[in-house]
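S.K.: Here the sequence shown stands for residues 5 to 118, where the numbers follow my numbering.
Just to be clear, a hint being listed does not mean it is correct.
What the hints assert, rightly or not - Restricting the straight-line Cα-Cα distance to at most 25 angstroms, the calculated cross-link-like pairs of lysine-lysine (PhoX-like) are:
1) Lys54 to Lys83
2) Lys46 to Lys75
3) Lys83 to Lys56
4) Lys79 to Lys8
5) Lys104 to Lys83
6) Lys46 to Lys56
7) Lys75 to Lys8
8) Lys79 to Lys54
9) Lys53 to Lys75
10) Lys54 to Lys75
What the hints assert, rightly or not - Here are the in silico distance ranges between beta carbons for each label pair:
11) Arg30 to Glu94: 29 to 35 angstroms
12) Leu115 to Lys83: 26 to 32 angstroms
13) Asp10 to Pro51: 21 to 27 angstroms
14) Glu84 to Glu35: 26 to 32 angstroms
15) Val95 to Pro51: 20 to 26 angstroms
16) Gly100 to Arg30: 15 to 21 angstroms
17) Pro51 to Gly9: 25 to 31 angstroms
18) Ile89 to Glu49: 15 to 21 angstroms
19) Ser19 to Ser68: 16 to 22 angstroms
20) Glu116 to Ala32: 29 to 35 angstroms
21) Lys104 to Glu50: 18 to 24 angstroms
22) Glu45 to Ser19: 26 to 32 angstroms
23) Ser112 to Glu17: 30 to 36 angstroms
Think of the hints as simulated: they come from the structure by calculation, not from any bench.
From the three backbone atoms N, C-alpha and C, an ideal C-beta is built for every residue, glycine too.
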Amino acid sequence: MEVKGDDYRVWYEPSEMAIYCQGSLRLAGTEEYAPIVQVLEKSLEEPPKKIKLNLCQLEFLNSSGINILSKFVIKVRQKETISIIVQGSEVIPWQGKSLKNLQRLMPSLKLEWI
């Protein structure tokens, strides 16, 4: 499953149990993020033991997008049987603080800096 916009791409790779996000996500609110939420939720349909969220090439994410990721992490936490690895890039400024905040929502979340 894949969602593309002018300057972003989000897709789920079932064989890797990984969600990839690239580009700049500057969508306006929950309605515009709905297709991306579908990609995130698709990854949980056949509950994997571990899921990877790769944000290494996501250069910008606005507050609505951070809210969507936060809700996804809470959903994963509620499943209790799924662990999550979030991969980020140390060279993209917004990721340092924002991704650490995801760890506050789910202390078992593993952050990997690539």
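S.K.: Work down the list of hints and note, for each, if the structure agrees.
M.R.: Results of checking the hints against the structure:
{"no.": "1", "hint": "Lys54 to Lys83", "in the structure": "holds, 11 angstroms"}
{"no.": "2", "hint": "Lys46 to Lys75", "in the structure": "holds, 14 angstroms"}
{"no.": "3", "hint": "Lys83 to Lys56", "in the structure": "holds, 15 angstroms"}
{"no.": "4", "hint": "Lys79 to Lys8", "in the structure": "holds, 24 angstroms"}
{"no.": "5", "hint": "Lys104 to Lys83", "in the structure": "holds, 21 angstroms"}
{"no.": "6", "hint": "Lys46 to Lys56", "in the structure": "holds, 13 angstroms"}
{"no.": "7", "hint": "Lys75 to Lys8", "in the structure": "holds, 21 angstroms"}
{"no.": "8", "hint": "Lys79 to Lys54", "in the structure": "holds, 14 angstroms"}
{"no.": "9", "hint": "Lys53 to Lys75", "in the structure": "holds, 19 angstroms"}
{"no.": "10", "hint": "Lys54 to Lys75", "in the structure": "holds, 17 angstroms"}
{"no.": "11", "hint": "Arg30 to Glu94: 29 to 35 angstroms", "in the structure": "violated, 22 angstroms"}
{"no.": "12", "hint": "Leu115 to Lys83: 26 to 32 angstroms", "in the structure": "violated, 19 angstroms"}
{"no.": "13", "hint": "Asp10 to Pro51: 21 to 27 angstroms", "in the structure": "violated, 33 angstroms"}
{"no.": "14", "hint": "Glu84 to Glu35: 26 to 32 angstroms", "in the structure": "holds, 30 angstroms"}
{"no.": "15", "hint": "Val95 to Pro51: 20 to 26 angstroms", "in the structure": "violated, 33 angstroms"}
{"no.": "16", "hint": "Gly100 to Arg30: 15 to 21 angstroms", "in the structure": "holds, 19 angstroms"}
{"no.": "17", "hint": "Pro51 to Gly9: 25 to 31 angstroms", "in the structure": "holds, 28 angstroms"}
{"no.": "18", "hint": "Ile89 to Glu49: 15 to 21 angstroms", "in the structure": "holds, 19 angstroms"}
{"no.": "19", "hint": "Ser19 to Ser68: 16 to 22 angstroms", "in the structure": "violated, 30 angstroms"}
{"no.": "20", "hint": "Glu116 to Ala32: 29 to 35 angstroms", "in the structure": "holds, 30 angstroms"}
{"no.": "21", "hint": "Lys104 to Glu50: 18 to 24 angstroms", "in the structure": "violated, 30 angstroms"}
{"no.": "22", "hint": "Glu45 to Ser19: 26 to 32 angstroms", "in the structure": "violated, 18 angstroms"}
{"no.": "23", "hint": "Ser112 to Glu17: 30 to 36 angstroms", "in the structure": "violated, 22 angstroms"}
Comparing the model with each numbered hint stated earlier shows that hints 11, 12, 13, 15, 19, 21, 22, 23 do not hold.
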